[in-house]
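Enquirer: Sequences are here, hints too, so could you generate the full structure?
If you read the sequences in order, they're chains A and B.
Quick note, in the working numbering, the first sequence goes up one by one and the last residue is 1193.
Quick note, in the working numbering, the second sequence goes up one by one and the last residue is 1143.
For the record, the hints were derived by calculation from the structure and aren't laboratory data.
Glycine included, each C-beta is placed from N, C-alpha and C at the ideal position.
If a hint is listed, it holds; no wrong ones were tucked in.
Computed, partial: chain B to chain A, Cβ under 7 Å:
{"#": "1", "residue": "Cys594"}
{"#": "2", "residue": "Gly637"}
{"#": "3", "residue": "Ala713"}
{"#": "4", "residue": "Met719"}
{"#": "5", "residue": "Asp725"}
{"#": "6", "residue": "Ala728"}
{"#": "7", "residue": "Ser737"}
{"#": "8", "residue": "Leu743"}
{"#": "9", "residue": "Trp765"}
{"#": "10", "residue": "Gly799"}
Residues on chain A that point at chain B, a partial pick, calculated with CB under 7 Å:
{"#": "11", "residue": "Leu1105"}
{"#": "12", "residue": "Pro1108"}
{"#": "13", "residue": "Trp1109"}
{"#": "14", "residue": "Gln1110"}
{"#": "15", "residue": "Pro1113"}
{"#": "16", "residue": "Leu1121"}
{"#": "17", "residue": "Pro1124"}
{"#": "18", "residue": "Gly1128"}
{"#": "19", "residue": "Gln1129"}
{"#": "20", "residue": "Ile1134"}
{"#": "21", "residue": "Leu1140"}
{"#": "22", "residue": "Pro1161"}
{"#": "23", "residue": "Phe1162"}
Derived CB-CB ranges, DEER-like:
{"#": "24", "chain 1": "A", "residue 1": "Gly1146", "chain 2": "B", "residue 2": "Gln916", "range": "41 to 49 Å"}
{"#": "25", "chain 1": "A", "residue 1": "Arg1130", "chain 2": "B", "residue 2": "Ser731", "range": "25 to 33 Å"}
{"#": "26", "chain 1": "B", "residue 1": "Thr925", "chain 2": "A", "residue 2": "Ser1151", "range": "44 to 52 Å"}
{"#": "27", "chain 1": "A", "residue 1": "Glu1169", "chain 2": "B", "residue 2": "Gly1124", "range": "40 to 48 Å"}
{"#": "28", "chain 1": "B", "residue 1": "Leu662", "chain 2": "A", "residue 2": "His1138", "range": "19 to 27 Å"}
{"#": "29", "chain 1": "A", "residue 1": "Pro1135", "chain 2": "B", "residue 2": "Gln916", "range": "33 to 41 Å"}
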Amino acid sequence: METKTEQGTPKTVGELRRRLAELGNPWQVHPRFGDDDPLPNPPRGGQREEEIPEEHRLKPLPPGTDIPSQIAAEPPINPFLRLRWLELGLLNQDAVEGLAPDSGENEWGAA
Amino acid sequence: MNVDWRNRFGRNWITSVRDQGGSSNCWAFATTALYEAMIRIEHCLWTRRSEGDLARGTGKQAWDFGNIGEGTIFVERYGLADPDCFPWSEWAALYTAKEGGATLSATPLSTTPDRSGRTMRIAAGATTTLTDPAQKKQWIDFKGAGPMAVMITPPADFGALGSGIYITSSTDTGLAHALLVVGFNDDERCWIVKNSWGPNWGVGGFGRVSYDSLNANGAVVQGGGLLEVAGFTGLRGTNPDPWSKRRLRNGVLIQGGNGALRNNFELFVKVGMNLEHWYRENAANGTPWYRVGLVRSTDPWRDTFHDDALDCPAAVQSTFNRNFELVYRSNYQAGDGHRYLRHVYYDQAGGLWEDATLFGPIDPVGVPGFIQSNRGAPGDLEVVVVTPSGQAEHWTKHNGEPWTYLPGQWYLRERFASGIGFGGPSLVQSNLGVTGSPENGAGELHYTCTGADGQMQHWYHPVGGSWSLLGKFGQNATSAPCMIQGTYGAGDEMGKGNFELCVGVGSQVEHWWRYNTSPGPWSRSAVFGANVRRVISLIQSTYGTNLEVIAELVSGQYQHYWRDGLGWHAGVVIT
Chain A
1083 METKTEQGTP
1093 KTVGELRRRL
1103 AELGNPWQVH
1113 PRFGDDDPLP
1123 NPPRGGQREE
1133 EIPEEHRLKP
1143 LPPGTDIPSQ
1153 IAAEPPINPF
1163 LRLRWLELGL
1173 LNQDAVEGLA
1183 PDSGENEWGA
1193 A
Chain B
569 MNVDWRNRFG
579 RNWITSVRDQ
589 GGSSNCWAFA
599 TTALYEAMIR
609 IEHCLWTRRS
619 EGDLARGTGK
629 QAWDFGNIGE
639 GTIFVERYGL
649 ADPDCFPWSE
659 WAALYTAKEG
669 GATLSATPLS
679 TTPDRSGRTM
689 RIAAGATTTL
699 TDPAQKKQWI
709 DFKGAGPMAV
719 MITPPADFGA
729 LGSGIYITSS
739 TDTGLAHALL
749 VVGFNDDERC
759 WIVKNSWGPN
769 WGVGGFGRVS
779 YDSLNANGAV
789 VQGGGLLEVA
799 GFTGLRGTNP
809 DPWSKRRLRN
819 GVLIQGGNGA
829 LRNNFELFVK
839 VGMNLEHWYR
849 ENAANGTPWY
859 RVGLVRSTDP
869 WRDTFHDDAL
879 DCPAAVQSTF
889 NRNFELVYRS
899 NYQAGDGHRY
909 LRHVYYDQAG
919 GLWEDATLFG
929 PIDPVGVPGF
939 IQSNRGAPGD
949 LEVVVVTPSG
959 QAEHWTKHNG
969 EPWTYLPGQW
979 YLRERFASGI
989 GFGGPSLVQS
999 NLGVTGSPEN
1009 GAGELHYTCT
1019 GADGQMQHWY
1029 HPVGGSWSLL
1039 GKFGQNATSA
1049 PCMIQGTYGA
1059 GDEMGKGNFE
1069 LCVGVGSQVE
1079 HWWRYNTSPG
1089 PWSRSAVFGA
1099 NVRRVISLIQ
1109 STYGTNLEVI
1119 AELVSGQYQH
1129 YWRDGLGWHA
1139 GVVIT
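Expert: Printed below as a string of structure tokens:
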């Protein structure tokens, strides 16, 4: 859980803003911070990979391997996603018939 | 390709932004956010889960670091409860759901005793972790079809992000932090993340993180962004708890968690003088309805009720281990020569129907309104039923503290209204009046019925108050309405969804709704069906939030209707 800080890491929000300006302002600091505020350090709490007990490690699929076949065998029940699967050729027309997407939820409920 | 689950297919699929406060439980927040989002996407259901249940359930306190894997293992083994079962807090708690934790859980900081009935569940092996950016995008777009949780080590300036696309400009390595990736934008070359630092981080609690990085000279280098090589963990196969669906159903139909896609319909109807249990497996289109059997105990020593149903029941799937609970008018003549309501339940653990009790007014009329409310835990059972004199009676059975009446005994709370012609399964505990999470017993009761004049009456009961008439609407109704609070009009899990109501008028069904975000008048949306005597159930299903109706026909048979984006459709006649 050791933190390595590069020399020159901004100590204040103002320093960070100046650094970002030098870089062409790729992103903006949240406007609630004043230049004199120390760089915010919200709590985190994640364990680094090497700190995670073996039994808790999530084993990633090697890049390029097929995502497990059971996923293809179980199409989503969400009607919008079924239409997306149809568009990608993962489902045939029969599988989406009778599954017209519902009315918009942000409407007032009228069909 | 661009995917943003905050606005996909014209709506939001991501629950509200949370704040982990001063705790070190980011991993519990990201994992919980993943489950909430996947329940919403897979079941079109808003639900709030408890980060506290996940974090303390793993045996960790607010100051303990953790990881997404242990949170996942916990949910696979013990499910994940809602905040009213065990809330998020930075306080230390001895609670653990792990085996052997029972003695430790006997503290004020323990879960409610009905935890097993109010947890969402997943099967072991439901998660997939990917590191290849192309595969991660495929998963978020359509393969896993949803957000993914990730653990990264952002530099110190990450906490200051406002707008724009965050790009790493230093090589310092901060502490690890978990996030939920809710989308990506190839045009802008960034991932979109939900953080747990409240709404004052990024834009409303969400941020954009570049695929790329900056070199020492400030030039953009393709790749090398914070999330590029990180393992993303996705999830499929959520099984939401019935408690999360309690406002979305009323009457004889329940959408439970059984079946290949954990969304079967369960139906309880009167056939002859018996109640029958039917189900429909929803894994494929057009699957038929099957009869499970009689609602009657297979244990001869418990076979105390059968051949006594005067009417269809109102059904609830309760937090008592997801038991089915039915209340119906019984033909059984009690010692005083009168007939009452009967409460029976299916014990999921024992596999038997059990007789709970007779209760209610003398010779009640119609199908009762029946819910499990959030007062206490397990929540109270509440019934509103019409009397022969045309009044409504509100009966309650406490299942937990605070006890204001004898434990386990139904009692009359209030008598209200007059001139009621038809009462039905139309009692809802809404989230109107709920101001935050946990709900802590808040939520107005609402009840609709049909007056003898054919107008519908809308009654409500605020917490701590009494029943009063909100208004009348419609005309010429010839049977009782069936009402739910759906998700239309609710932007997220805290939103106030509309009331939806279906009622028999003549031989057809009228669909009415009321906007609840700023309550207005009832509006009629549609008229459909033929040869209908009355509506005995309305639910909002997980088929893309379709509405589903069970109607009793003039012939005495039961027919299924549903509404999707194309309008109302007549389904099969079930029995």
